[in-house]
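With the hints in hand, could you dock these two chains into one complex?
Protein chains in written order, with the numbering used here: chain Y, 15 to 117; chain Z, 2 to 159.
Hints listed in this document are in silico derivations from the structure and should not be mistaken for laboratory results. Yeah, the Cβ is synthetic: ideal placement off N, Cα and C, and Gly gets one too. Check the hints yourself; a few may be wrong.
To be verified - Okay, the calculated beta carbon distance ranges per label pair:
| id | chain 1 | residue 1 | chain 2 | residue 2 | range |
| --- | --- | --- | --- | --- | --- |
| 1 | Z | Gly141 | Y | Lys51 | 41 to 47 Å |
| 2 | Z | Asn78 | Y | Gln33 | 19 to 25 Å |
| 3 | Z | Arg46 | Y | Tyr84 | 22 to 28 Å |
| 4 | Z | Glu74 | Y | Ser25 | 32 to 38 Å |
As the list claims (entries may be wrong) - Partial list, computed: chain Z residues near chain Y (C-beta under 10 Å):
| id | residue |
| --- | --- |
| 5 | Lys55 |
| 6 | Gly59 |
| 7 | Ile75 |
| 8 | Leu107 |
| 9 | Tyr111 |
Residues per chain, in single letters:
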Amino acid sequence: MASTIRVRAQSNGPQTDVQALIQHPMDSGFVKDSDGKLVPPHHIETVTFVYNGKTVLTADWGPAVSKDPYIKFSFNGGAKGDTLNVTWIDNLGQTDTIAAKIT
Amino acid sequence: MHAIAPHQNETTRRRTLGLLALLGLGGITGKALAAAPGWPEEAFRQKTQDEALKSLYGKAFEVSDKVTLDAPEIAENGAVVPVSVSSTLPNVTSISILVPENPFSLAASYKLAEGTAALIGCRLKMAKTSNVIAIVESGGKLFATSKEVKVTLGGCGG
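So that you can see chain Z by itself, here it is in the shape it has in the complex (with noise of 0.2 Å):
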């Protein structure tokens, strides 16, 4: 008997802890299901620019000098890098940050309402030096420009 008695508590023991992972697991998904209605996790999730942009937007982009990315050359502290996007394009209706070499590669993502300036300034995290990509969305086309941030310091905990 002595020697059957922990064998099954071991077995109990297993189950809980299979039990206790379920539920865990169970959490977690619930817990995703439950983001905010109307953002675009999918893009949110892509590794790749490429990849999120199709996702969020389906169409490609076109370089223009009407879109003005202004970030620091070097970013000493990749956990705050001030990024501001502006554009003089007519009829903006969204913008959108990408940092490339992020674990996920779209950063924010602005719908502009008419009458909102095609401006926004925010903070980001870059986890090394990368490009940073601005993508103005105006009259139904994409445009873009982009810069490199040299980062000294990676924001996502090295």
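Looking at chain Y on its own, in the form it has when it is part of the complex (with noise of 0.2 Å):
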């Protein structure tokens, strides 16, 4: 399966900028289907990503963040060819981990 996870981690010289688009439906547990029953949550809690070995971003998600998340932040440092390896881990304890090379 291809993976839920689309990083664009770009270095601009001192610092890489990172973009990151993951797959996931990020269930509120507030809506209901068109049965009227209601979804149960389902939603992605951490996101972490690291390069070189340091956890340069924490995100902690809570229901609120929108369906099919998006992110966008910088780091100092990265060099073109280095890799950063993104991780996410839901309510249920699926789990999705991807290494991007930094461009």
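Structure representation (structure tokens):
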């Protein structure tokens, strides 16, 4: 299966700009389906971005983050060809990870 | 005999349902316990802004013009509201975004390492028109700013 994570990490010299898009329903637990039943909560809780063994960003998300979440940030360092590891885990214990190349 | 049999069946059926319900509850609790390590569950379960902040940081914030919150004046679709928070403060260690009118006040919380820029963009759901509050932790203190976003179509299933 294709990865649920798409990462674009671009080095601009001193910094690396990161944009990530994750495929996830992010069900809040407040929405009803077509039968009028509540869709149980199913959302990402934590996303970690690890560069060179160091966690540069930890994102803790509640159900208020939009479906197929997007995140953008920058960190100091990172060179072309280096690897940025992105991992998410949701409230049902599902998880996915990707090793993205910095371009 | 014929009169008793259906009654017994009914009892068994109820017991089975009760057992299934218990198993169901057990299943849900088990899943809740399997939450990601370090995820501040209690803070994300608070309904009011004050309680969420108390649980997350345990200290008060001051309003600062060194925190910038970019969000639309009017969001046509509350399911996808682009929000970005930045700050010119030094040593920013965490950034949190709250939407007090949502069922749970805290929307997202970011922990920044040293060297990570104090600029985060993401997309949030908003149930209805609300203030959006950005909290930035710098040097152990909390700084905040807020902005009202008018929502014309709610993002929580209305």
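May I ask you to test the interface hint for Lys55(Z) with respect to chain Y, counting a Cβ-Cβ separation under 10 Å as satisfied?
-> 16 Å, violated
Was the hint right that Tyr111(Z) lines chain Y, CB cutoff 10 Å?
-> Given a least distance of 5 Å, the restraint on Tyr111(Z) holds.
Return the status of the interface hint for Gly59(Z): holds when the least beta-carbon distance to chain Y is below 10 Å, violated otherwise.
-> At about 16 Å, which exceeds the 10 Å cut-off, the nearest Cβ of chain Y leaves the hint on Gly59(Z) violated.
Supplied distance hint 19 to 25 Å, evaluated on CB atoms of Asn78(Z) and Gln33(Y) = Between Asn78(Z) and Gln33(Y), where Cβ atoms are some 21 Å apart, the hint holds.
Can the hint on Ile75(Z) be confirmed by a CB-to-CB distance to chain Y that is less than 10 Å?
-> 17 Å, violated
Hint validity - Leu107(Z) Cβ closer than 10 Å to any chain Y Cβ = Constraint on Leu107(Z) satisfied, holds at 6 Å.
How does the Cβ-Cβ distance of Glu74(Z) and Ser25(Y) compare with 32 to 38 Å: does it lie in that range?
-> Holds: the Cβ-Cβ distance is about 35 Å, inside 32 to 38 Å.
Is the distance from the Cβ of Gly141(Z) to the Cβ of Lys51(Y) consistent with 41 to 47 Å?
-> 46 Å, holds
Does the Cβ-Cβ separation between Arg46(Z) and Tyr84(Y) fall within 22 to 28 Å?
-> 25 Å, holds
Hint violations for this structure: numbers 5, 6, 7, all remaining hints satisfied.
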